[in-house]
Amino acid sequence: MNRRNFINLSGLGVGGLLVGGVPVYGNTVSVERLLEPGVDVATKKRLADIALNAARSKGASYTDVRIGRYLQQYVFTREKQVQNISNAESFGVGIRVIANGTWGFAATSDVTPAGIAKCAETAVAIAKANAKLQSEPVVLAPQKGVGEVSWKTPIVKNAFEIPVKDKIDLLLKTNAAAMDNGAGFVTSNLFMINEQKYFASTDGSYIDQDIHRIWPTFTVTAVDRAAGKFKTRDAFSSPMGMGYEYMDGLASEKIPGPNGLVGYRNSYDIVEDATLAAKQAKQKMTAKTVTAGKYDLVLDPNHLGLTIHESVGHPTELDRVLGYEANYAGTSFATLDKWKTKSFKYGSDLVNIVADKKQPYTLGTVGYDDEGVPAKEWDLIKNGVLVNYQAIRDQVAILGGKESNGCCYADNWDSVQFQRMPNVSLKPGTEKRSVIDMIKGVDKGIYIIGRGSYSIDQQRYNFQFGGQLFYEIKNGEIVGMLDDVAYQANTQEFWNSCAQLCDKDDYRTFGSFFDGKGQPSQVSAVSHGSPTTRFNGVNVINTGRRI
Amino acid sequence: MAILSKEEAKKIIDKVLAYSKADEMSVGLSGGRRGNIRYARNSVSTSGESDSLGLSVTSVFGKKSGTATINEFDDASLEKTVRRAEEIARLAPENPEYMPMLGPQKYLDTSTFAQSTANINPEFRAQAAFDSIDPCRKKNLTAAGYMEDTTGFTAIGNSKGLFGYNKSTSVDFSITVRTADGTGSGYANPDVNDVSKLSTRASTEIAMQKAMASVNARALEPGKYTVILEPTASVELLQNMMRSVDARSADEGRSFMSKKGGGTRLGEKLFDERVTIISDPMNLELPQSPFGGGGGGGRFGGGGNDGLPQEKRTWVENGIVKNLAYSRFWAEKKGVQPIPGPGGFIMLGGNQSLAEMIKSTDKGILVTRFWYIRAVDPQTQLYTGLTRDGTFYIENGQIKFPVKNFRFNESPVIMLNNVEALGKPVRAGGNLIPPMKIRDFTFTSLSDAV
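Residue numbers (UniProt numbering), protein chains in the order written: chain A, 1 to 547; chain B, 1 to 450.
Derived from the structure by calculation, the hints contain no laboratory data. One should not assume that every hint holds.
[Unchecked claim] Which chain B residues stay away from chain A? Per the calculated CB distances, all over 10 Å, these:
id	residue
1	131
2	160
3	182
4	331
5	363
6	377
7	397
8	444
[Stated by the list, open to error] Straight line, CA to CA, 25 Å or less: simulated SDA-like cross-link-like pairs of lysine to any residue:
id	chain 1	residue 1	chain 2	residue 2
9	B	224	B	418
10	B	15	B	51
11	B	322	A	401
12	A	173	B	252
13	A	294	B	224
14	B	404	A	453
15	A	118	B	36
16	B	363	B	252
17	A	229	B	268
18	A	342	B	181
19	B	139	A	322
20	A	345	A	429
21	B	260	B	318
22	B	224	A	538
23	A	345	B	181
24	B	197	B	102
25	A	173	A	289
26	B	259	A	542
27	B	363	B	351
28	B	63	B	328
29	B	224	A	289
30	A	128	B	142
31	A	58	B	49
32	A	229	B	272
33	A	284	B	206
34	B	6	B	74
35	A	358	A	341
36	A	128	A	383
37	A	284	A	176
38	A	128	B	242
39	A	294	B	445
40	A	342	A	383
Don't be surprised by glycine CBs; every beta carbon is placed ideally from N, CA and C.
Work out the full structure: start from the sequences and follow the hints.
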């Protein structure tokens, strides 16, 4: 992370603590402050109109304004102690305009009529300055104004209303469960986010949104000092677009798997998962090292989500396809000429991948995106064929489209919105099939669960993925645990080797809470749903080394 | 601009400290300006500039501490922030690993600030972008680039009399040049403190050459190859390894520095005897903050570290592990001196230039950049990633033809045991790193990506 408003988490005076480079935006505040209401809607509308009018009077042909209050609470623990608690609030206004056919953006934390008017003028001045270097004017897909509307993540329990002590108690109980079951070390964290966003544009939209997300996670480490070995197992939770109800651990949301494994749908039992994790981390110590070669892979949704993210989500971002990310994340193999053939086989006939901003409980779900477009669902890959991309208002004309897909996002009020990945998910199979059914049909395979190491090239052809747990399948049965497993494939070959899908009862979401893109880098949160899926004849390598 | 002088910063910190009712209090104050310009498809896409000034207060009662931050500097706001930090501290759980604050420290006077960088304005950035786009347009190549400049200061102080101040500037420039048909791609990524040492045109010309030279790449079989790694390629692998030289993880048995049977590998020969890695905040090519948590710009207050002084330190000498980083808590537990982890590091090398290294190679691969590097196994420091933006086959001392990109699976520890030759160190990614010739580097598959 390389952001101007990045601060080290230092709430408990743990000097320089950086947990996975997690960004904290804004000022640290008291817990109570997180529950105080922000500016009322009527005032926000009045302030927004000041921005719209000021920009118009300076010559803007289009303006949108985002008044944003971004709240975060993060809790970090290890073993028996709390490492850090961070409460943060960031409040301000971002104004984006088109003047002389060119975008301009400015932002301010001075949320007063004068501050906002000045900010709008700056945005117009920047647009006019940049217009001199512009070769083609911005073409914005039309969006009818939606009037004064509101949307809220349908949460049951606001995580910010749950006392911090309860959260600490749950995390320490999680750690104790891991330690009692053989862990050498354990860290556990809880991330909670609330975006209170007000959007207004010259199209006639005034949209008030209240968006909630939560992510509980841990890492359990088993250590054998005598052998000089250690193994870890990360949580099988998923970050969700939910409130604290995700932590309820409802039995009805658990999916029993083979070998005592448990899959979690829309409710997570962190203590149970940590208990299993400690036992499994110890089992990994003595797991058999894999023999490199071709295997049929049975991939759990908590693993496959990241493969979908990297090999389908990113390559179908239109800004990447067009070259706007060439200097950082890269471009894409899924080029427009392939799409134009209407027959480019991205995957086998079984592969149906949808993009959406609407699926309940997911990270990408909103009422409207950050340029006022109502949430939608659309096909990216249909029966294996590439049919569409992820596009926003200033891109969709390139595809001959007339309306945006509605996937524009900025990670803070002072960041400019741009195209970000919606939820991208693999549809479940229509035939009744459980994981156990699927494994029965595999002669030589590996069942992989959990997010591990991941790497993919800048055009998204060649990738390598690890995982958390690997089980060897022989003649339809799991025969033991494997270690040192990673698979390498070419995206198109991999998706064309997709041979079988479990049904909707096995469907679960995986999520990425801090997906990075752009320069300066912005984060976004996105979910990927899938059933357990089988891929035939994938190249597996052995990653064991001695130093 | 929000650059306070040492005296101005001290005045504010002293005022804030005077409000304290806690057992201990520390204050971090930082500010600066950050500007950027981004372009793609030979056109500027975004540019911006932001100023920031922020103060962070940490109050401590016993082993309980709380932090509050503020961007306003009137007396009432400052006092309110101190009271809030104290309130948060009182409610906080005890931190059994809390270490009492340090007393006054002696800090080196490092040269991290350059006026030329502080003078950057939007016109300068636009010109820098033009200097990069213009030569590409003229050769029918496509430029995508990003330049970010930072000018800032950080001041730290505490109730035990510690005070530190550092001013710094930095510029990071990256440029990717692609051929119009997308079959060739080149890259350059210089970073400097002093922008007068940066030419976006010269860097772009290097990227242009690599783009044109990488067209029509041929496929070679993956396997073990002798490679010459440009510093831009090897920097991330080495940086990842250097971030893992923490004594606590090693003692806890969960690091590549853990010793079989317990303890750490301090004093062991872990690398080829030509490998020596140091850090030196006074190095003129790579000046560093004199205390942890330095760097400029942060809107929300600096510090973030407890103020341990940075000084010249040897991490690896002739292949032997000489130092590990010790937090103050772990150092006390182990009865040793605390050692902050290095900011940037310096890997010593030889006098050979990259061209001379190529000339002395019978068969090998020149790697100009690695991409998407991720840890595969922390136990062995095994990483995977891919070559990108120009990979070339060398035969009989000459670059023969471009080759398709490879995926690698390799550990920097193994790599630094397979050293054939080290060249003259150059700055890359905030470190000084020599070009390296390494035998038996492991490529595991091919990529079609350009």
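Looking back at the hints listed earlier, which ones does the structure fail to meet? 3, 6, 8, 11, 16, 24, 25, 33, 35, 36, 38
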